[in-house]
Amino acid sequence: MTARPRTIVACFLLGASAFLLLCLEITIGDFPLTVPEVAAGLFGSGDPAALLVINEIRLPRALVGLLIGIAFGVGGLLFQALARNPLASPDVIGVTDGANTFAVATLLAGAGTGLGMSTMAVLGGFTVSAIVVGLSWKQGTTGIRIVLVGIGMAALCGSITDYLLLKSGAFQAQQAVVWLTGSLSGRTWGSVPALAVAVALLVPAALALGKWLAGLELGEDTARGLGVPVQGARLAIMAVGVGLVSFATAAAGPVAFVALLAPQIARRLVHPSVPPLMTSGLVGAVVVLAADLVARTLLSSGELPVGVVTGVVGAPVLLWLLARSFR
Amino acid sequence: MTWGSALTSRRIGLLLALAGLAACALLSIMVGSRWLGVGAVLDALLHPAGDQTEAIVWGLRVPRTGFGLAVGAALGMAGALMQGLTRNPLADPGLLGVSAGASLAVVLATGFLGVTSLSGYIWFAFAGAAVAAVVVFLLAARGVGGATPTKLALAGAGVTAMIGSLTTSVLLADAATLDRYRFWSVGALSGQDPATLLQVLPFLAVGALLAAMISPGMNALSLGEDAARGLGQRIGLIRVAGVVAITLLAGAGVAVCGPIAFVGLVVPHLARAICGPDHRWVLAYSAVLAPALLLAADVLGRLVAHPDELHVGIVVAALGAPFFIAFVRRSRVAEL
Numbered sequence: 001m002t003a004r005p006r007t008i009v010a011c012f013l014l015g016a017s018a019f020l021l022l023c024l025e026i027t028i029g030d031f032p033l034t035v036p037e038v039a040a041g042l043f044g045s046g047d048p049a050a051l052l053v054i055n056e057i058r059l060p061r062a063l064v065g066l067l068i069g070i071a072f073g074v075g076g077l078l079f080q081a082l083a084r085n086p087l088a089s090p091d092v093i094g095v096t097d098g099a100n101t102f103a104v105a106t107l108l109a110g111a112g113t114g115l116g117m118s119t120m121a122v123l124g125g126f127t128v129s130a131i132v133v134g135l136s137w138k139q140g141t142t143g144i145r146i147v148l149v150g151i152g153m154a155a156l157c158g159s160i161t162d163y164l165l166l167k168s169g170a171f172q173a174q175q176a177v178v179w180l181t182g183s184l185s186g187r188t189w190g191s192v193p194a195l196a197v198a199v200a201l202l203v204p205a206a207l208a209l210g211k212w213l214a215g216l217e218l219g220e221d222t223a224r225g226l227g228v229p230v231q232g233a234r235l236a237i238m239a240v241g242v243g244l245v246s247f248a249t250a251a252a253g254p255v256a257f258v259a260l261l262a263p264q265i266a267r268r269l270v271h272p273s274v275p276p277l278m279t280s281g282l283v284g285a286v287v288v289l290a291a292d293l294v295a296r297t298l299l300s301s302g303e304l305p306v307g308v309v310t311g312v313v314g315a316p317v318l319l320w321l322l323a324r325s326f327r
Numbered sequence: 001m002t003w004g005s006a007l008t009s010r011r012i013g014l015l016l017a018l019a020g021l022a023a024c025a026l027l028s029i030m031v032g033s034r035w036l037g038v039g040a041v042l043d044a045l046l047h048p049a050g051d052q053t054e055a056i057v058w059g060l061r062v063p064r065t066g067f068g069l070a071v072g073a074a075l076g077m078a079g080a081l082m083q084g085l086t087r088n089p090l091a092d093p094g095l096l097g098v099s100a101g102a103s104l105a106v107v108l109a110t111g112f113l114g115v116t117s118l119s120g121y122i123w124f125a126f127a128g129a130a131v132a133a134v135v136v137f138l139l140a141a142r143g144v145g146g147a148t149p150t151k152l153a154l155a156g157a158g159v160t161a162m163i164g165s166l167t168t169s170v171l172l173a174d175a176a177t178l179d180r181y182r183f184w185s186v187g188a189l190s191g192q193d194p195a196t197l198l199q200v201l202p203f204l205a206v207g208a209l210l211a212a213m214i215s216p217g218m219n220a221l222s223l224g225e226d227a228a229r230g231l232g233q234r235i236g237l238i239r240v241a242g243v244v245a246i247t248l249l250a251g252a253g254v255a256v257c258g259p260i261a262f263v264g265l266v267v268p269h270l271a272r273a274i275c276g277p278d279h280r281w282v283l284a285y286s287a288v289l290a291p292a293l294l295l296a297a298d299v300l301g302r303l304v305a306h307p308d309e310l311h312v313g314i315v316v317a318a319l320g321a322p323f324f325i326a327f328v329r330r331s332r333v334a335e336l
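Protein chains in written order, with my numbering: chain A, 1 to 327; chain B, 1 to 336.
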């Protein structure tokens, strides 16, 4: 399958936008920097003080933003194409809720917001997804059964999270809610490696699965006719999607609606005949970085968590998608 | 079975259900961090002596039980109405965004307008519940086939996610509201001012009355819209009255005890299994079985974590989510 010119141009422009936003993201802070200085600094030239600020302090946060954007964009598209439904985002079908419950439990057990919490978030995403697939399995499974069982599990996990918040102290509850909104604030190099490895392994895996995904999107019977091993393909796609979403959630919290929005924007940009995985990932990166820029510059007094911006922007889009998808 | 004997057995069944409800209510007064015997409870109820037992019974457990009865009946009837009006077995105020809408409205009222009393924010809960219910139904009713179960569940989940994210945004901005919200959002029967029960009772009564009035019409509606019209039912009127009743019942329930999911989903199914598809009976059974379930869950929450307690919202979710999933597994849900 060769990429069409329109897709190539879109990916190039989106990549350039993402790089520009990354540089803009790094210019923000007490130490004044310009975009050219940042761009030069990223390639290793410039004065030592600027290099220190760029590489040690600001680059990790921007990189986490870039990587979770890609992960949510690609992961979200995998789920939507799998269920053949634009609403089947990990926010709705329990992956995110599972990660949330495990992460909040770890936070409240006194493990802080560090590595332990991230590990537990990944574990939670996988555990709950495995339960959802297991419970929706009846001589194989269907996309819509996964979605409906996922909605039930999401409700259960949500109520457990509510209960955990209730049992915690006021300070911890505040910390947990910031995490639950999704925030890039205070990310250091410590958050990057696991996420980077996950993206480096799982995005190519997703691209490799693209052919099966395109087949499944045409319906189960057509896919079987095209030689796609339907149940195995579903499990593989689900596993890669859960991995991407869980690692991204572990790094920055469940940034609302990126997984839902990015694939929709990508489809409208390139009008693809196959699921536009690369485009969706790059759109995700642009959305997260742009939203974080808004979140950091909107208030003069301080910064908002990035999830607030994606949530407020994403909510009306979700409503519009709902209205359209039933037409 | 002849019609007459079916009627009799339904009546006997309802009496049995009422007896079960009374037993749950009695248990709810007996069980707690300090256990009371049946004799002690009846004694304190009938001959208040001004001692410590009386303080526990009248001050704590009777109001709590009263909330369970009122809110349970409201959620059960709201669920029965939603399932009947939409002819959709997955309808529930918690799953279809009604509770989330009420939650957001309450959070906005307490956070931005400084409304802290129930009599103030109950109006916001009603408005939020109504807007969310109408939006979900309008969205799901679009397109081919009308409001099918799958479309309703998806529209409800989508709107709930959207409202939830807005609610979180407000909570982040305001630590004091968050502190109040997390105690309310989990869904609890305890720790409420008994006076609030009296404030919501009129709303619940009007909602229940409306529900009873439209239930014969819902029977006709279950034959299909054309058949109902042919039988002389005014479909528009039934639907509007139904949405008003759902809003009053679910809105008041959520305003008092927080969003409690799954009660409205599970109970009408139990009711239909016992009494058959007649909406009048389903409504009556739901109004009795739902508070019994809620009180039983509340008592269970006190037992499993004794001497601490689990809030009723989480116990109900733990019982209700498996039911929902089992239902999805059993039924043939069509692709969109």
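Mixed in with the good hints there might be a few duds.
Covered, in the sense of this in silico footprint (three residues per stretch, anywhere, with C-beta under 8 Å from a C-beta of chain B), are these stretches of chain A [as the list claims (entries may be wrong)]: (1) 51 to 59; (2) 141 to 152; (3) 289 to 295; (4) 302 to 314.
Incomplete in silico selection of chain A near chain B, CB under 10 Å [as the list claims (entries may be wrong)]: (5) 91; (6) 127; (7) 163.
I should point out that these hints are in silico values taken from the structure, not numbers from a laboratory.
The structure displayed is predicted, hence computed values, not measured ones.
The beta carbon of each residue, even a glycine, is placed where N, CA and C say it ideally should be.
Okay, the hints, checked on the actual structure:
Under a criterion of three residues with beta carbons nearer than 8 Å to beta carbons of chain B, the stated coverage of the segment 51 to 59 of chain A fails, only 0 such residues being counted. Judged by the Cβ-Cβ criterion of 8 Å, the segment 141 to 152 of chain A is covered by chain B as claimed, because 9 of its residues qualify and three suffice. Given a C-beta distance limit of less than 8 Å, the hint that chain B covers the segment 289 to 295 of chain A is violated, as 0 residues qualify and 3 are needed. With 7 residues having a Cβ less than 8 Å from any Cβ of chain B, the segment 302 to 314 of chain A passes the three-residue criterion, so the hint holds.
Look at residue 91 of chain A: its Cβ gets to within about 5 Å of chain B, closer than 10 Å, so that hint holds up. Interface restraint check: residue 127 of chain A against chain B, minimum CB-CB distance 15 Å, threshold 10 Å, status violated. About 5 Å separates the beta-carbon of residue 163 of chain A from the nearest beta-carbon of chain B, less than 10 Å, and the hint is met.
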